[in-house]
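S.K.: Residues per chain are reported as follows:
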Amino acid sequence: MLFFGGDYNPEQWPAEVWAEDVALMRQAGVNIATVGVFAWSDLEPEPGRYEFGWLDRVLDLLHDGGIRVALATPTASPPPWFTLAHPEALPVTADGVRLTHGSRDTYCVSAPAYRAAARDIAGRLAERYAHHPALAMWHVHNEYGTDCRCDVTAAAFRHWLQKKHGDLSVLNEAWTTSFWSQRYSDWEQITPPRATQYMPNPAHVLDFRRFLSDELLDGFIEQRDLLRAANPDVPVTTNFVQGGWVSVDHARWAAEVDVVAVDHYPDDAGPAAEEQTAFAADLARGWGGGSWLLMETGPNLIYTRGRMHAKEPGRLTRHSLGYVARGSGGAMYFQWRQPRGGAELFHSALVPHAGPDTPVFREAVALGRTLRNLSPEASEAPPPAASVAVTWDAPSWWALQGAGLPAEDIDYQAAVRQAHRALYRAKLQADFVFPGVSTDLGDYRMIVVPQLYLVSDEAAAAFRDYVAAGGTLVVTYLSGIAEPDTRIRLGGYPGAFREILGVRVVEWHPQAPGTVINLSDGPGLSAAPSSTADLVAGRWVERVETAGAETISLYGDGPLAGSPAITRNRYGDGSAWYLSTGLTDDSLQTLLHRVASLAGIQPVLPDLPSEVEAVRRGELLFLFNHGTAPATVGDVVLPPGGVRIRSADVEGAPVSRG
Amino acid sequence: MLFFGGDYNPEQWPAEVWAEDVALMRQAGVNIATVGVFAWSDLEPEPGRYEFGWLDRVLDLLHDGGIRVALATPTASPPPWFTLAHPEALPVTADGVRLTHGSRDTYCVSAPAYRAAARDIAGRLAERYAHHPALAMWHVHNEYGTDCRCDVTAAAFRHWLQKKHGDLSVLNEAWTTSFWSQRYSDWEQITPPRATQYMPNPAHVLDFRRFLSDELLDGFIEQRDLLRAANPDVPVTTNFVQGGWVSVDHARWAAEVDVVAVDHYPDDAGPAAEEQTAFAADLARGWGGGSWLLMETGPNLIYTRGRMHAKEPGRLTRHSLGYVARGSGGAMYFQWRQPRGGAELFHSALVPHAGPDTPVFREAVALGRTLRNLSPEASEAPPPAASVAVTWDAPSWWALQGAGLPAEDIDYQAAVRQAHRALYRAKLQADFVFPGVSTDLGDYRMIVVPQLYLVSDEAAAAFRDYVAAGGTLVVTYLSGIAEPDTRIRLGGYPGAFREILGVRVVEWHPQAPGTVINLSDGPGLSAAPSSTADLVAGRWVERVETAGAETISLYGDGPLAGSPAITRNRYGDGSAWYLSTGLTDDSLQTLLHRVASLAGIQPVLPDLPSEVEAVRRGELLFLFNHGTAPATVGDVVLPPGGVRIRSADVEGAPVSRG
Amino acid sequence: MLFFGGDYNPEQWPAEVWAEDVALMRQAGVNIATVGVFAWSDLEPEPGRYEFGWLDRVLDLLHDGGIRVALATPTASPPPWFTLAHPEALPVTADGVRLTHGSRDTYCVSAPAYRAAARDIAGRLAERYAHHPALAMWHVHNEYGTDCRCDVTAAAFRHWLQKKHGDLSVLNEAWTTSFWSQRYSDWEQITPPRATQYMPNPAHVLDFRRFLSDELLDGFIEQRDLLRAANPDVPVTTNFVQGGWVSVDHARWAAEVDVVAVDHYPDDAGPAAEEQTAFAADLARGWGGGSWLLMETGPNLIYTRGRMHAKEPGRLTRHSLGYVARGSGGAMYFQWRQPRGGAELFHSALVPHAGPDTPVFREAVALGRTLRNLSPEASEAPPPAASVAVTWDAPSWWALQGAGLPAEDIDYQAAVRQAHRALYRAKLQADFVFPGVSTDLGDYRMIVVPQLYLVSDEAAAAFRDYVAAGGTLVVTYLSGIAEPDTRIRLGGYPGAFREILGVRVVEWHPQAPGTVINLSDGPGLSAAPSSTADLVAGRWVERVETAGAETISLYGDGPLAGSPAITRNRYGDGSAWYLSTGLTDDSLQTLLHRVASLAGIQPVLPDLPSEVEAVRRGELLFLFNHGTAPATVGDVVLPPGGVRIRSADVEGAPVSRG
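Protein chains in written order, with UniProt numbering: chain E, 1 to 658; chain H, 1 to 658; chain P, 1 to 658.
In short, the hints are calculated from the structure, not lab data.
For each residue, glycine too, the CB sits at the ideal point set by N, CA and C.
Take these hints with a grain of salt, some might be off.
Unchecked claim - Only some residues are given here: those of chain E computed to face chain H with a beta carbon under 7 Å:
id	residue
1	Val97
2	Leu99
3	Gly342
4	Ala343
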């Protein structure tokens, strides 16, 4: 069964609204509600005084209506009384400011008092509801990712460092503490990164981010184990949130959850929203090893450039089915009913301020029907299959967010998104692999490696074996530069990949945004399928010396006109391409399309119109027309904004635009 | 008598300058000097040691010169010794930083030590000078508006909340504290908004701003009562300052001052400076119930976009007479003499660094003559009369400055200014009304309601009665959305105004700056005087469903092309217009002009050239030519930059431009 | 001998790299290495435990390789153990945040514990190495300039103020503390500028910057005296760093160092890098009284607009010889070997991550040869001689960085750079003079005075005598405005210069960037060599009244069209020009060229192509072609990017571009 539903906050509404809620949920085909995410102050209004009565009634009402429940532990937002009882458990910024309640996430995950209070409330929920018939899953906490730099955190950080590095001399070496006289002579001297005079040590910053991810994970595991103990049959999850500020390495976390659940909010109201949907779904599926669940998205909202953009008619449907096509076990939203107050009072909902007599609720009703029809077949379908993979590595991302880099606008996530977007536009279905977490590179014909800054020796060896065995590897600049602790690999960039790529880079020339550099054909072109003189680069230029590789493209102009820009190296039975420069979107799409062809990879369907997205999930073929004109795919005519699902008697709601 | 003068700081100058000051004041016709605003450290150089001798001499000198005195209490800037004696009385930021002396306004108004020290110095001034023959009025403090988040403030805030909400459960409901687990179980848990993890609760933030306004008012009243007790015949005022950061609700404060005195500094050096002058004067007159006094403006300075713009010749005169035309009891400046040091050493003055042999002083001399000639008639004239009013509501402003709104560039003040500007350009004299303070909507034929986000049931009823009785109401988007405590009014926007407007809005589409959306005529156009296809909108689009209203204009393009944009509803004997979108300046001027015509409202004079501003104050007609070419109004030819005042034997200084 | 070398950090590398380092240094002709700058935590890994063995070995290795050593005291970065032992010695921001270790410069220079620790480690180095045969000079600390606002600093600041002002009433007068009630009644009330409500007192801020410069200088002197005592024959220096944030007045410091050593990093990758090189070198030579040493620059790096720009081939050579041509005793770099980790892991090096088989190392080898050949003659050459001087005054700079000024984008450094650049482009060799430090204005035919905001009476008298004796003075707007303590000089701007300039300015009109104002010829033009109608101004306009001066140029348009813009006053035997407006680069170059001609000053060489820079140092003539095409100077043909040094058998490495 595909889930359809979302966050439900009955505690914000008088009891008379609850019955209307259940009736409307039934009307829309909602079959799951996430309950209790921020209900701590209603469940435990004073320390040790619990009020479960209202929740009992809500769960019974939902159950009577045939709606299942993802029951949350409310630990993401301790009540105000907690602040007064345990000021030492509040988070502290790098400047030493102790934050207070009045928002959410006002806790330090390392604080014993917080951990005890979280265990207590989670334990009581487990005890009371673990066998409630409505219970479909446990939803621990909310969007883990909070940061703290207090002294308690410092102690936990040192403990983590001792486990990782063992000896202080090992840490001193890994962190290059001889730079700027930072050598530690005692563990006690190490604190989280805090306000200091000038640039911090990048290894220090990176290890702190790793620690924080692990520390938050400990907090999750503690609750998970309590919940599991109460009823081993109920799956436990937590909602992963994406965003550059997040201190959580989801690829590592995924092993600890029963279901990978993901919140996803596109941040662009144009066609990029669909590309982001595909990206987020493919990444989540990678974390989940094939399966995952969309836990939150905005029903009628794209927040972009400071504005809440209401979705065009049909877009809620297209996005929702898009997640499902790419493997989600359903479509869930934040939120069921738009609140009357609070910080997010304009965040969108299936039932908005104006009530159910609204476009968004009507579209939800139709979507519910579609999902219900699709459920049997989709639930049995295996995840989408792909011949191409892209690498993702949270520590490389974090490292490239630091100071002291060759350009302050290096953007790891943008680079990975661009690679994925190029494949998406080339109609090539893609998976993600996680070389920092597992050296298993799967069975792909082609792997794209954008800005994989940190690489361990083991991960590098896996790539070498992959190419030697016949794989096609496409590596971009800023890959292989450093060891996992940010120590530079000497002798020339791209360090770990020099041998398989057959190149040596001796100098970087970061370019300003908007720079245009035309490429021209290199002497090794015969190796490529066609001229590369149509490719345009810009954001980065390198002085590349080939050492075995063929030069496919030369810089046609710019600071290094005439020197190699794109190379290919035959290595073992495979080939390894190096992109020493940042191509434009169109050029990267063109190049990856050609390289994929050489590797024998075909698009999902041939001759797809550019506005049409096609996704295979098992026997199901999803066709999305994201354009504003009708589109034809074989014998199918898709109306503007329409969706068609083949090999099932199901059809998305084709909607004509505004 | 019209006042002419300004801030005078003899304590900054050696005594030999004082005589020159009085001589120059007499030369310029200055008849009032504001003395002592920041003189605390000169009046009480050490705790308990007072030095009034110099002030005695200054007041006597001024009195001998025929110059009256607005004597200030110096409580806006405690001396350095106060900081050391009472560190707990210094203000604390939301981040917990305790500010220190070295600037001005370094006090917490809730601190008992500060309040006691303020009462002491004010009381001593009252005792010594309450019957001084030079004393024209008391000027308490300076530009109230300082913020503090300390623990003493927290206690005062809780006390205020208890008075307002009575029971904690009422507050929990009003603040929607079930959102994000913020339910309070004890008053002690409530603090001022302080640094926290993420977005704050908007109701919390708004109540704190209301509290702060009231708390500062308490500080004012305490001094006022002391001064009144010493001599009930001397009026007491304080100078209101305008600006988005100000935590003071002047419409509420106005009831507590004897004279509404206002500081006004335009922030644009172009023609907007004149429009801002008109806006500020009309708003001040509204606060004052018809009369007010310009207490400060910059004689030769417009600070705009990081630069001090010296006024063109004649502009000092035009601005000054502009305030007077719109009801001010005079024209006063910051400041008399430009200082040699201190933080504002380049703030402008009637006597600048270069001395009296300067353009600004010469223009002041001529202006003094004009004001003297104008005085008898102007002093008796009633305030300007208007058939149109615009609403102003400080809490709506504050609420729309918060986080979590549908667009981060919502700007309440800009919306009100735009409405006023449109009327100004349409040559329609306007007043302000304050629906959050008084439900008395006066006798106007037409009321414009821009973005009145918060509306009480009582205020909404007053608008309903107004329209039912024949009034014309023009309401814009973002009006009527929430109750005074920010709880959303459900069922469709614009909540409180749905019934009288006959519309229901189900979706918002905030647009980016620069968006252009053309309107077209709707089926209800026959109700309107002429086609609206010349109107252009942009910044906001709504999905409007009519429920009784006629559709005057449709969206011609944009996300909701073809749906209603502007509507009119006949309600009782009146009519209520709804603008669901942000019109351009020109279009709003056009529309309001047409609606005013329908309501039978005429401009100040017919056929006024666009550069000419005309204001009637009683029998006086002020004509201002803000253009760079001569302008003709009936039989009057106004030179560029010239002013003419009719039906009095007075004439402003017509000045030809530089 | 010309020095060639740079910062060397053997502590970051295993001992086996040291031998390779020395071999590569010999290959490149490196003859000096700066050692130990940040080595404190390696020299004293725990309090009182010293490890000098590795440094002994490094110095011996270098000595054996014929390489001399600038041995640093490591006091710019105390080790982590210091933080834990002496938390009170860490710096505190204006917001009260106590910074911690984890970067560099984490100390308060006023803290007794820091000073004691610094003396201890410096003393031990002195004791051990003062007679080491490799020792060429002592390099104290690194780039002094750290700020602190703690209570210990406050006490030191008060002590400094007592010494400067003597009596508190003098300070109250100098700081105009009657403004905003800031009068101090006790020294204890004075603190460093700290977070406060609103704008600070500019005199307070300026005195604090002066204090900080002197306080840091005390720290330097303490170490210098220790080192001198150990061996009076070894010169002691510290590396001056340029930058707007620096609290150090280098012109005053210069008297206390044996060699003026300067770090210089251009911040523009275009031709401005060469102009900045000339500026920095001329300024450093001024500080050094004719001689100086380039202590640091980036071998292969220009950090500009957020990006590390790799230098084009030949640019390292051109910049390095440029410093030498303008008087440097050599060319030294940060750094020898690029680090594997730490905050600056991508800062450039002579031996980059890719190793010695790289363009930068190859260029270094050639440059080393050039410098060796040039050494005998260059070492004996007197510094470049100039007939023109430009004024530089750190306190004026600091004062113009403050708040409350007529325009927030006033930029003293930009104004001085522009004046120097105009002379540079006019091929006029320039020196710097320091009127705030010494009233000796030298023997120049012409002195340019850009924005000399603060002038003492003594300095003003020196300028008057200079003109009276026949000198040519060119003064720009914002000069002479205030006394050294920021008190305005009354009666009209430019205060101190009114008499010699024969003008009186009564009003300022700061203009926005991009404003274009054309000048036209004034009635005094006959005095000038040619029409000034080709000049274009913009950023500033003033209402100038002449009082004896001839009007050379009028404002042709803008707010003061028709009034004087540029004037000249004959005063005694000389003439004094006043520029009341900000000319464009081209116009300032044109004007200064004409004024110089009138003063009988000739360019370095006649008819130099615009891309060619020519510098005379004694008998040596350096010719630089900064252009991308060959250039001809007399019988010399310079290739693109090439350098030629005449009257010595030496030749720079002419390099063809990329």
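S.K.: May I ask which of the numbered hints given earlier this structure violates, with the numbers listed in increasing order?
M.R.: Every hint satisfied by this model.
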